[in-house]
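Here is what each chain is made of, one letter per residue.
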Amino acid sequence: MPPAIAELVPEHIRAFEAYTPSRPDPDLMRQYGVDHLHRLNNNENALGPPPAARKVIEAFDTTRSAIYPSGDCYTLRTALSERFGLDPERFLVGNGSCEVIASVIKAFCEKGDNIITADKTFAVYEWVAEFSGFEARLIPLSNWGFDPDAMLAAMDSRTKILFVCNPNNPTGTWWDRDTMERFLRGVAGRAIVVIDEAYCEYVDDERFPDGMELMERHPNVVVFRTFSKMYALAGLRVGYVCGQKEVVDYIRRTHIVYSVNTLGQPAAAAAIADDAEHITATRLMVAQAKGLLLPAFDELGLKWVTGAGNFIMVETPASDSLMYRHLMRRGIMVRTMTGFRFPNWIRVSTVQLPVMQEFLKALREVLGIVAGAQA
Amino acid sequence: MPASALSQHAPPQLVLELPAETAFLPAAAAAAENAAQVFGLDAGGALRLSLAVEEFYAYLCHHAGREEPIRLTLSQGGTFTRADFRFRAGEVSLRALNFAASVDLEAGEDAELGLLVAARTTDRCGLTRSGPDVFHLHAEVDRVYPEAEAITTPQRLSPPLRLEPAPTAGALQHAALLAAGRYPARLRPHSFARPARFADMVAWGQYQALLALDAADRPAGLLCWRASGRRAVVFSGPYVFDPQLAQDTARLLIEGFLARVARTEVLCAFSERPTNDLPRGWFESLGSLSLHGAEGSEPVAQPAYFRHLREDAGAAVWAHPDLFPFLRREYDRLAFSRDLLAAEPTPPARLPVHSLLATTLDRLRSLAILRPLLDGRDMEANLKAHVEAIHEQGTGDILLHLDLAEPWQAALFPALTACGFVPRLVLPHAGASDMLVCQHAPGHS
Numbered sequence: 001m002p003p004a005i006a007e008l009v010p011e012h013i014r015a016f017e018a019y020t021p022s023r024p025d026p027d028l029m030r031q032y033g034v035d036h037l038h039r040l041n042n043n044e045n046a047l048g049p050p051p052a053a054r055k056v057i058e059a060f061d062t063t064r065s066a067i068y069p070s071g072d073c074y075t076l077r078t079a080l081s082e083r084f085g086l087d088p089e090r091f092l093v094g095n096g097s098c099e100v101i102a103s104v105i106k107a108f109c110e111k112g113d114n115i116i117t118a119d120k121t122f123a124v125y126e127w128v129a130e131f132s133g134f135e136a137r138l139i140p141l142s143n144w145g146f147d148p149d150a151m152l153a154a155m156d157s158r159t160k161i162l163f164v165c166n167p168n169n170p171t172g173t174w175w176d177r178d179t180m181e182r183f184l185r186g187v188a189g190r191a192i193v194v195i196d197e198a199y200c201e202y203v204d205d206e207r208f209p210d211g212m213e214l215m216e217r218h219p220n221v222v223v224f225r226t227f228s229k230m231y232a233l234a235g236l237r238v239g240y241v242c243g244q245k246e247v248v249d250y251i252r253r254t255h256i257v258y259s260v261n262t263l264g265q266p267a268a269a270a271a272i273a274d275d276a277e278h279i280t281a282t283r284l285m286v287a288q289a290k291g292l293l294l295p296a297f298d299e300l301g302l303k304w305v306t307g308a309g310n311f312i313m314v315e316t317p318a319s320d321s322l323m324y325r326h327l328m329r330r331g332i333m334v335r336t337m338t339g340f341r342f343p344n345w346i347r348v349s350t351v352q353l354p355v356m357q358e359f360l361k362a363l364r365e366v367l368g369i370v371a372g373a374q375a
Numbered sequence: 001m002p003a004s005a006l007s008q009h010a011p012p013q014l015v016l017e018l019p020a021e022t023a024f025l026p027a028a029a030a031a032a033e034n035a036a037q038v039f040g041l042d043a044g045g046a047l048r049l050s051l052a053v054e055e056f057y058a059y060l061c062h063h064a065g066r067e068e069p070i071r072l073t074l075s076q077g078g079t080f081t082r083a084d085f086r087f088r089a090g091e092v093s094l095r096a097l098n099f100a101a102s103v104d105l106e107a108g109e110d111a112e113l114g115l116l117v118a119a120r121t122t123d124r125c126g127l128t129r130s131g132p133d134v135f136h137l138h139a140e141v142d143r144v145y146p147e148a149e150a151i152t153t154p155q156r157l158s159p160p161l162r163l164e165p166a167p168t169a170g171a172l173q174h175a176a177l178l179a180a181g182r183y184p185a186r187l188r189p190h191s192f193a194r195p196a197r198f199a200d201m202v203a204w205g206q207y208q209a210l211l212a213l214d215a216a217d218r219p220a221g222l223l224c225w226r227a228s229g230r231r232a233v234v235f236s237g238p239y240v241f242d243p244q245l246a247q248d249t250a251r252l253l254i255e256g257f258l259a260r261v262a263r264t265e266v267l268c269a270f271s272e273r274p275t276n277d278l279p280r281g282w283f284e285s286l287g288s289l290s291l292h293g294a295e296g297s298e299p300v301a302q303p304a305y306f307r308h309l310r311e312d313a314g315a316a317v318w319a320h321p322d323l324f325p326f327l328r329r330e331y332d333r334l335a336f337s338r339d340l341l342a343a344e345p346t347p348p349a350r351l352p353v354h355s356l357l358a359t360t361l362d363r364l365r366s367l368a369i370l371r372p373l374l375d376g377r378d379m380e381a382n383l384k385a386h387v388e389a390i391h392e393q394g395t396g397d398i399l400l401h402l403d404l405a406e407p408w409q410a411a412l413f414p415a416l417t418a419c420g421f422v423p424r425l426v427l428p429h430a431g432a433s434d435m436l437v438c439q440h441a442p443g444h445s
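Residue numbers (this note's numbering), protein chains in the order written: chain A, 1 to 375; chain B, 1 to 445.
Treat the hints as calculated values from the structure; they're not laboratory data.
Since the structure is predicted, the reported quantities are computational estimates derived from the model, not experimental observations.
Quick reminder that beta carbons are idealized off the backbone N, C-alpha and C, glycines included.
You may find that some hints are simply not true.
[Unchecked claim] Facing chain B, from chain A, some residues (calculated, C-beta under 7 Å):
1) Y32
2) H36
3) K106
4) G339
5) Q357
[Unchecked claim] Facing chain B, from chain A, some residues (calculated, C-beta under 7 Å):
6) Q31
7) N261
8) A281
9) R283
Turn these sequences into a full structure, and let the hints guide you.
In C-alpha cells form, the structure reads like this:
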C-alpha cells in the first residue's frame, strides 16, 4: 500500500496553516447582504496610484501581455537606481515584498538556524521561517514597539536574520535613528538585519532612520520597500529589496525571475518618478482621517494605538471577529487582530472622510448591539 | 523539564493484522494485555482492555468484511492505552455496527453481544468512519493515578502576574489541586483530582496548559485546552486562585491562550468547562446545554462559549425547513451570514434498509454523543434503540451532532424530533461546516 500523501509531507508543513485571503467583493457583498463594501482591512491607499503610474496603466498595450516581462526588472531597477543614487545591481524586485522575504530567508538560513522578530508584527516573517523549517524567535513588544535589547539578547550563533518592521504594522511605532544605530552596533554584523520600510513614506519626521543610508555603514542591513502601500499598486504586486551588492547577489541566487508582471514594472517606475504631490495628498488624507477618528474613539471610551502609517488599531469590548461580522453587515470591512496576537482589537485603514464617517456610524451601531447583548 | 516535552516523541504502538477468524481471539487478547502492561496499565487495566479487544474482535469476526485482514493497533496515549480496529464493512450489513444492534437470535447468537454491551469494560469507546466502507472501532482504558486532596487554603498572591508558557509537571500538579479546591467537579477536568494524570496529559499533548504565576512565582491561575478535530480547540477554565486578582489573572490567561492558538490551523475555540471567571467580551455565547453529569443529580445548565479566530466569509448550510426558524434566530443573533439550503428527506424507496450511527461513550462524564454515518429507512427506530440502550447502561446525557454541510444529515431533523431530540446549539465551523447540537430531552418525544 503506498504511503498516505500526508506521510510525504515534512512535519513543519503539516503543522502549518495556509493563509486564507478574503473572498472577492461581489461574493462577500452578496453573503452579507450589502450593496457596497469599504475595504478598510489592508491599509491600501484609497487615493489610488500617483498620476504618472495611472497613465502607464491606462496606456497599457494589451498585446504586451503575450510577451514575458523583463526577468530581472531591468528598467524598474534603473529607475530605483536613479531615485536613490545607488548601483542598479543593489536592487532586487519581487512579486510584492512577501516574495523577497522568502528569498532572504532561503539565502541565509539552513537547518538549525533561527530568525528573530517581534511577536506582534507583520506575520509573514514568522510564517515563512516556520514553513521553511526554521525557528522564529518572537520577542514581545515593549511599549507597543520592537524591543531592541530583548532582540539582541535572543541572538545566538544560529541567528541568521533579525526582522525589524519600521514603522511597525500594526502599532505604527518606529525606532529613531539613535535606537537603530545602537541596535545595529549591538548586532555587530553577526546576522543580517532586515529593515522593512513598507510604511516609511508615511513618516514625516527627521528622526526617522533611512535604511538606504544605514546600509552604507552597516553592510549587513537589507531594506524592504513596497509599491503596495503609499504608491497604491497593491494589485500589481511589486516590492523590492536593497542592500550591499554582495548581499543582494546572494539573495538573487534564491530568487524567482520573471515573477513581476509587465504592467507592474513600468507603473512602479513611473510612481517614483514624480511622487511628491501624491505623498503630500496621502499624508493629508491620513491626518484628516485620524483627526476625525481618534477623538471619536476617545468619546466612545475605546483605547486606540496609532503612529506612522495609514491605520489605527482600536480595542473593542467584544471579540474582533464578532465586530468584523457586524461591521460587514453594514458594508465595512476591517482587519481582525487576533491573528496579530492582539485579540479584541481591530485595525482600520485611514481613508477619505466620508468613508471614515460611515465607518464611525457603523461602529457606533455595532457597539450598541454588543453592549445590549452583554447586558 | 517542561511538562510538554514528552509529546515530541512518537508514542509506541503494536500493530497486528488478523484474519476475521475466531481462532485468533486468544492472540488478539494476549497481544492487548501484553501491550497494555508494557504501555503502563496495571494488571486490572490490562485485563479490561484485553476483554474489550476480545469482545470487539469476536464481534468483528462475525460482521466485518473478509476482503482484507482486520488491523488491530495498540498504542500508548500517555495516560491511557488504546486499541483500534480498522476494518472494511464489505458486503456485510452495516446495521451490525450500530452500538444498539443486537445479534440476530434466530441465528443462534447471544443477544448480549451488541457493541454497547461489549464496551462496558472500557473508559471510552466509539465507532468512526475513515472511508466509504472503512471503519474504526476503538476502545481506551486509562492508567490508574492516585487521587490527591484538593488545596482549599485561600491564596493571597502578589502582582505583577506573568505567564509560564512551559510549566513543569510539579507546577501543573500544584495548580490542578488549587483549581480542584476552588471549583466544583463539573467545571474542571476529572484529572485535576488526580494531578499526576493531568501533568501526564499535558506531557503527552492531550492537553495544553498555560500557567499564570505571581511575583513570587506561585501559581496564580491555570487554563487548559485540547484539540477537538483538526480545526477547533476546547478549553477549560480560566481557573484563578486569588479572587482579588481574578480579573487580571483571567485576562492574562485568555490573552495568552488566544496568542498561542491564533497563528495555528485552529479556526475556532469553544468552551468545554467555562468558569464564571471567564472575562466578559472575549467569547460569544452560543446558548447552553442542560447536563446531569456523572453524579446523576439535577441537571445543571452548562453555557457554551465560542470565539472565531478568523474573519468569517459567510457560508451556505443545509437544513430541514423545520429547522429554519431556529437557525435563522441563532445566525442572526450571532451575526453569521449563512444561506440556508432546504434539505428534504430522501424518499424511503431510495434509502438502504438500515441506517448507521456512530456512538462515542464517555463513562466518566456519563455522556454519549451520536453522529449519523449512513441514512436508512430504519433511522427513527435505530435512534430510539440507541437512546434506550444508552439509558439502560446508565449514561444520563445524550447529544447528537449533525454536520450541516451534509444535506442528508440536515434532513434527519424530523426523525430526531420524533425521538425526543431538540436543537440546542449551533457550533460554527465545528464540522465540515457548522454543527448542530441536539440534546435528548425525554419530555419532548
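Comparing the hints with the structure gives:
1. Y32: holds, 5 Å
2. H36: Violated, because the Cβ-Cβ distance from H36 (chain A) to chain B comes to roughly 16 Å (cut-off 7 Å).
3. K106: The hint is violated - K106 (chain A) has no Cβ within 7 Å of chain B, the shortest such distance being about 21 Å.
4. G339: holds, 5 Å
5. Q357: With a closest approach of 22 Å, the Q357 (chain A) hint is violated.
6. Q31: holds, 3 Å
7. N261: Violated - the Cβ of N261 (chain A) stays beyond 7 Å from chain B, reaching only about 27 Å at its closest.
8. A281: Since chain B brings no Cβ nearer than about 30 Å to A281 (chain A), farther than 7 Å, the hint is violated.
9. R283: violated, 29 Å
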